[in-house]
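Engineer: Sequence:
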Amino acid sequence: MSTRDMIARQISQLESRTIILDRRTRQALTRGLRSQALAHMRLRRHIESAVLPKRILALERIEHVVLQLQQSSSDIQLMEAFRAGSCALQGLNRQVESLDPESLFDDWADHTLRAAEFRDAMDDATAAAVADPIADAEIESELDALLADENAKKLAQSAAEADADELASALDKVTIAPAASVPVSREDNNFCELPSTAHKNATALTSSDSALQQHNQLSEQSNSAQHDNHQQKQPVPAE
0 MSTRDMIARQ ISQLESRTII LDRRTRQALT RGLRSQALAH MRLRRHIESA VLPKRILALE
60 RIEHVVLQLQ QSSSDIQLME AFRAGSCALQ GLNRQVESLD PESLFDDWAD HTLRAAEFRD
120 AMDDATAAAV ADPIADAEIE SELDALLADE NAKKLAQSAA EADADELASA LDKVTIAPAA
180 SVPVSREDNN FCELPSTAHK NATALTSSDS ALQQHNQLSE QSNSAQHDNH QQKQPVPAE
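Just so we're aligned: 227 in numbering that gives the first Met the number 0 is position 228 of the sequence shown, and the numbers increase by one with no gaps anywhere.
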C-alpha cells in the first residue's frame, strides 16, 4: 500500500469516527448522561480540529507531489517523442533529397501504362476464349422458327374454337320432334310405326350426322394447315 493510499484510508476512518461520536453524543443526551455526552463531543472536536486537518493537508501535499511527478514524466515523454520525430524526419529528408522526383514519376507513369496494356490484353484474350460459337444468323433463324410455331398454335386454337362454335350453332338448329300419339295397327301381336313419323325422325338424325361430319372435316383441315406451316418455318441447319 502506498503512502497516499494509507493516509486516505486514515482520513476515511477519522471521518467515520466523528460520525459515530456525534451519534453517541445524541444518544447520551437522550438518556440524560450529560458527562458521557460531553466526553464524546470533546473527542469529536479534537479529531475534527487537530487530527483530521493534518491528515488532509498531508494527503494534499502528497497528491501535489505525485501530480508534479506525473507532469514531469509526461514532459519527458513528450520531449522524447519530439526528439524521435525530429530524428525520423531528418532521416526521411536525407532519403528524399537523394531521390529524383521527375524520374520517379516518369517511371511510375511508364509502369502504370504497361500494367494497363497488360490488363487490356488479358481482357481481350478472355473475351475471345469465352465467346459464343453460335452465329447470330443461326440464333435469328431459331428465334423466327419459334415465333412462327407460336403463331401457328394460336391460329390452330382460333380455328378450333371457331369450329366448335359452328358445331354448337348447327346442333342448336337441329330439332327433334317429340313422339306423338300415333295410330298403330296390330297384326300378329307386332306394332308397326306409320311411315310419316319414321321419315321425320330419320331426317333429323341425318342432319345431326351431317353437322358432325362437317366439323370433323374442318378440324382435319386446320391440323393439316398447322403441320404444313410448321414444316415450312423449320430453320435450315447451318453447314
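Among the clues, some could well be false.
Cβ pair distances, simulated, as ranges [as the list claims (entries may be wrong)]: (1) ASP74 - ALA38: 48 to 58 Å; (2) ASP119 - ASP143: 32 to 42 Å; (3) THR111 - ASP148: 53 to 63 Å; (4) ALA136 - ALA167: 38 to 48 Å.
Hints are computed from structural coordinates only; laboratory data are not their basis.
For each residue, glycine too, the CB sits at the ideal point set by N, CA and C.
Engineer: Hints first: check each against the structure and report whether it holds.
Structural biologist: Tested hints:
| no. | hint | result |
| --- | --- | --- |
| 1 | ASP74 - ALA38: 48 to 58 Å | holds, 53 Å |
| 2 | ASP119 - ASP143: 32 to 42 Å | holds, 37 Å |
| 3 | THR111 - ASP148: 53 to 63 Å | holds, 55 Å |
| 4 | ALA136 - ALA167: 38 to 48 Å | holds, 47 Å |
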